[in-house]
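Letter by letter, the chains look like this.
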Amino acid sequence: MLSTIEKSSPLRWLGKQLFNRNDPAGFFDPLLTMINPMWAQGFVAARIESVIDETPDTRTFLLQPSSRWHGFRAGQHINIIVDSDGVRHHRTFTVSSTPAQWRTDGTITLTIKRAPGGRITNWMHDHLQAGATIGISEAFGDFDLPAGPSPLLYIAGGSGITPVLSHLATLADSPYAAPVSLLYYVRTEADVIGAEILNSLAANWPALTVSIFHTEVGDDSQHINPSHFKNIPELSERQVYLCGPKGLMDRVDELLAPFGLRDDQINKTFFSAPTSVPLDTPLGGAITFTRSSVNVESDGDAPLLEIAEAADLTPAYGCRMGICHQCSCKKTEGTVINRLTGKASGPGEETIQLCISVPQGPVSIDI
Amino acid sequence: MTAKLNQQQLDSLAADLDAIRDSVRADLGERDAKYIRRIIRLHRGLEIGGRVMMPFGFIPPVFAAAVASLGLAKIIENMEIGHNVMHGQYDWMNDPSLQSQTYEWDTVCTSESWRQTHNFEHHTYTNVIGKDRDYGYALLRLSDDSKWHPGHSLQFINYILLTVFFQWGVGLHELESERIRRREIGLTDKRDFLKGFFRKGGRQAFKDYVFFPLITFPVAPIVLAGNISANLIRNLWTSTVIFCGHFTEDAETFSEASIENESRGHWYYRQLLGSSNFTGSKWVHILSGHLSHQIEHHVFPDLPAHRYPEIAPQVEAICHKYGLNYNTGSFGSQYRTVLKRIAHFSLPDRLRLKLGGMTAKQA
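Quick note, the sequences are listed as chains H and A, same order.
Residue numbers for the first sequence follow the working numbering, beginning at 1 and rising by one.
Residue numbers for the second sequence follow the working numbering, beginning at 1001 and rising by one.
So that you can see chain H by itself, here it is in the shape it has in the complex (with noise of 0.2 Å):
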């Protein structure tokens, strides 16, 4: 009901006259959460119905997101809002169910790996259990299924797998006719996300051939090289789908080139989780200005602000000494130093002071 306030333009009008924001519905959010998380206005808010153990590190989280969320696509990303000890985190995960699951009873799954000293993911399997209420954005991305009947291969590695099951599954209710083959590489037989799904798909729907390859099982690992592409038929014909860690998909395209795949026959989602920089990384580094599209080398001390108006730029600012948050502004990405505390800032999005974050390795900057 309240969010026709943010669809109608005299509503919103009024809204932001008698409570000063651009989202009024959001006003009530502080109470309606409080009577029921799932009434959230400020962002879309989804219960965790169940969570489910797919490998020692990975688990599958069944969400229903509220009547608001106006769903996706196979292969899309969403981005969670989790508050982590009072903090505010976004993190993009793809959607492993299928958009059949959706329509019918309203629930999606994010299959999540614990992130080797990853703050969120780590986060989300110690504390996130059924019936508690995280938000999540409306769904993006372009890994879409494809236009018409071709054969299709997919290549996947580790987590990579989660558009693909989206993918596979989807293709599989269709039915699909062309052959689709699937390589999927993941270090030992316990790391396999989605074998219930894969097995299943695999026993009832004929057009699909699974390979799983293990990559760290003693002697005889698997990495990918050509011998893997020999069972696959006419394979300069196929629709190729990628998804998985950098280092899999760069040689990927290597081992593709010879077959003379055009453009348009690849379709590649990665996003990598921002990682910290080591902590002996020099002060200084390649800065993008986004917003302004500038981008800018800067060593040593020198803070953004001074890197910013040496660029040309003029970002409000105020003290330029910390104290009044008027060059306050969002970092995307990238670790900056905190002149006043020394300290190192996480490496994914936040607020920073400009005047006083010094910038330790490439940094991106919203202004």
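In case anyone wonders, no lab produced these hints; they're calculated from the structure.
C-beta: ideal position from N, C-alpha, C; glycine also.
Don't take each hint at face value.
So the derived label-pair ranges between C-beta atoms look like this [unchecked claim]:
id: 1; chain 1: A; residue 1: T1102; chain 2: H; residue 2: G117; range: 51 to 59 Å
id: 2; chain 1: H; residue 1: E306; chain 2: A; residue 2: I1048; range: 27 to 35 Å
id: 3; chain 1: H; residue 1: D366; chain 2: A; residue 2: L1154; range: 33 to 41 Å
27 Å max Cα-Cα, derived BS3-like pairs, lysine-lysine [claimed, not checked]:
id: 4; chain 1: A; residue 1: K1282; chain 2: A; residue 2: K1034
id: 5; chain 1: H; residue 1: K330; chain 2: H; residue 2: K16
id: 6; chain 1: A; residue 1: K1131; chain 2: H; residue 2: K16
id: 7; chain 1: A; residue 1: K1207; chain 2: H; residue 2: K16
id: 8; chain 1: A; residue 1: K1131; chain 2: A; residue 2: K1147
id: 9; chain 1: A; residue 1: K1207; chain 2: H; residue 2: K7
id: 10; chain 1: H; residue 1: K330; chain 2: H; residue 2: K343
id: 11; chain 1: H; residue 1: K113; chain 2: H; residue 2: K246
id: 12; chain 1: A; residue 1: K1034; chain 2: H; residue 2: K330
id: 13; chain 1: A; residue 1: K1354; chain 2: A; residue 2: K1340
id: 14; chain 1: A; residue 1: K1034; chain 2: H; residue 2: K343
id: 15; chain 1: A; residue 1: K1207; chain 2: A; residue 2: K1190
id: 16; chain 1: A; residue 1: K1195; chain 2: A; residue 2: K1131
id: 17; chain 1: H; residue 1: K268; chain 2: H; residue 2: K230
id: 18; chain 1: H; residue 1: K16; chain 2: A; residue 2: K1190
id: 19; chain 1: A; residue 1: K1340; chain 2: A; residue 2: K1321
id: 20; chain 1: A; residue 1: K1354; chain 2: A; residue 2: K1147
id: 21; chain 1: A; residue 1: K1131; chain 2: A; residue 2: K1340
These stretches of chain H come out as covered by chain A in the derived footprint (C-beta under 8 Å, 3 or more residues) [said to hold, decoys possible]:
id: 22; segment: 29-43
id: 23; segment: 320-326
Mind docking chain A on chain H? Use the hints.
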């Protein structure tokens, strides 16, 4: 008179205060998030409660409850939420509704103007005569740094007007009317500011004095009177709290020369000496947005304010260590000295001194 510190002492003062700041910073988390969200829920409850009760204000006790509820809502929103959020106290939470640079508060002054005049000018140049326009708001003479003229003898009336219409005074602060009067700048220089002022001021007036009375038409006069009263209560309380922060008898002022090439230690020194606290119950602190801990607020403007009472003993101990006055007292006694300052400096200096009046302290 409090101690003058040499550069070495100032550096060590800065190191001591930085240590407090760092330890609070490192400890920020769930507790602070829970605190501010609880206060926000309280604000929403009070505001909605006040608005809903107001049309039934023809029953006198309901009118009193509605006015109190809406007045408290505005006080809490302005002081403990708006003022503190805009200082960046909760930026670390990464919650878009608690971001210093985008928060818009429930008062006439635009947040943008406030961040410029208050967060930057007042907090950077605290009590530096000529640089800190909050010192007397260019309306009151509060020290002998500025020359007396006959207009000052009536400044007590100005003070009453300022405190009654405080939100409008704060809203117009950036206009720098004193410079316009001196013809240093013209109204055209302030065109962007005025646009923002009329938009925000119009919005606040529309909401409280047009919209809510109109939709409750048969009882419009009651709702209008109630909303005016709630705004008045907020104006009186906030201006009184703010005056107690820097205009008490022992709060010191500084000259522009004293802050040339200022070190961080001297900035801290100036914040400690230029600010004053008052004591009170937990609710007095919350309703003042913890500006009852003005000293702690001025040394650590971007630490969550509910932490000030916890660190106050450490800050006081540091003041004693360096022989600096830690200016505190009961609300009543501090406020009395503010009124005394306004009254004494309304007199010409010779008369004031002859009557044994106050002497201002400039560090």
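Evaluation of the provided hints:
Separated by about 32 Å at the C-beta atoms, T1102 of chain A and G117 of chain H break the suggested range of 51 to 59 Å. Checked against the hint of 27 to 35 Å, the C-beta distance between E306 of chain H and I1048 of chain A comes to roughly 46 Å, which is inconsistent with it. In this structure, D366 of chain H and L1154 of chain A break the distance hint of 33 to 41 Å, their C-beta atoms being roughly 51 Å apart. Of the pairs offered as hints, the one joining K1282 of chain A and K1034 of chain A holds, with about 17 Å between alpha carbons and a cut-off of 27 Å not exceeded.
A C-alpha spacing of about 24 Å is found between K330 of chain H and K16 of chain H, which places the hinted pair at or below 27 Å, so the restraint holds. As the CA atoms of K1131 of chain A and K16 of chain H are separated by approximately 35 Å, the hinted pair breaks the 27 Å bound. For the hint pairing K1207 of chain A with K16 of chain H, the CA-to-CA distance comes to about 10 Å; that is within 27 Å, so the pair holds. Our distance criterion of 27 Å between C-alpha atoms is met by K1131 of chain A and K1147 of chain A, whose separation comes to about 16 Å.
The straight-line distance between the Cα atoms of K1207 of chain A and K7 of chain H is roughly 21 Å, inside the 27 Å bound, and the hint therefore holds. The suggested pairing of K330 of chain H with K343 of chain H holds, with an alpha-carbon distance near 17 Å, which does not exceed 27 Å. With a CA separation close to 17 Å, the supplied pair K113 of chain H and K246 of chain H stays within the 27 Å bound. Taking the CA atoms of K1034 of chain A and K330 of chain H, the gap is about 23 Å. The hint holds against a cut of 27 Å.
A distance of roughly 16 Å separates the Cα atoms of K1354 of chain A and K1340 of chain A; the hinted pair therefore holds under the 27 Å criterion. Restraint check: the Cα-Cα separation between K1034 of chain A and K343 of chain H comes to about 25 Å, which is no more than 27 Å; the hinted pair holds. Taken as a hint, the K1207 of chain A and K1190 of chain A pair is honoured in the structure, with Cα atoms around 25 Å apart against an allowance of 27 Å. With a C-alpha separation of about 25 Å, the suggested pairing of K1195 of chain A with K1131 of chain A holds against the 27 Å cut-off.
Taken as a hint, the K268 of chain H and K230 of chain H pair is honoured in the structure, with Cα atoms around 22 Å apart against an allowance of 27 Å. Of the supplied pair hints, the one linking K16 of chain H and K1190 of chain A holds, its CA atoms being roughly 24 Å apart against a limit of 27 Å. Our distance criterion of 27 Å between C-alpha atoms is broken by K1340 of chain A and K1321 of chain A, whose separation comes to about 30 Å. A distance of roughly 17 Å separates the Cα atoms of K1354 of chain A and K1147 of chain A; the hinted pair therefore holds under the 27 Å criterion.
A distance of roughly 24 Å separates the Cα atoms of K1131 of chain A and K1340 of chain A; the hinted pair therefore holds under the 27 Å criterion. Check result for the segment 29-43 of chain H against chain A: holds, 5 residues qualifying (beta carbon to beta carbon below 8 Å, three or more required). Coverage of the segment 320-326 of chain H by chain A holds. Counting CB-CB distances below 8 Å, 5 residues qualify, and the rule asks for three or more.
Hints 1, 2, 3, 6, 19 from the earlier list are contradicted by this structure; the remaining hints agree with it.
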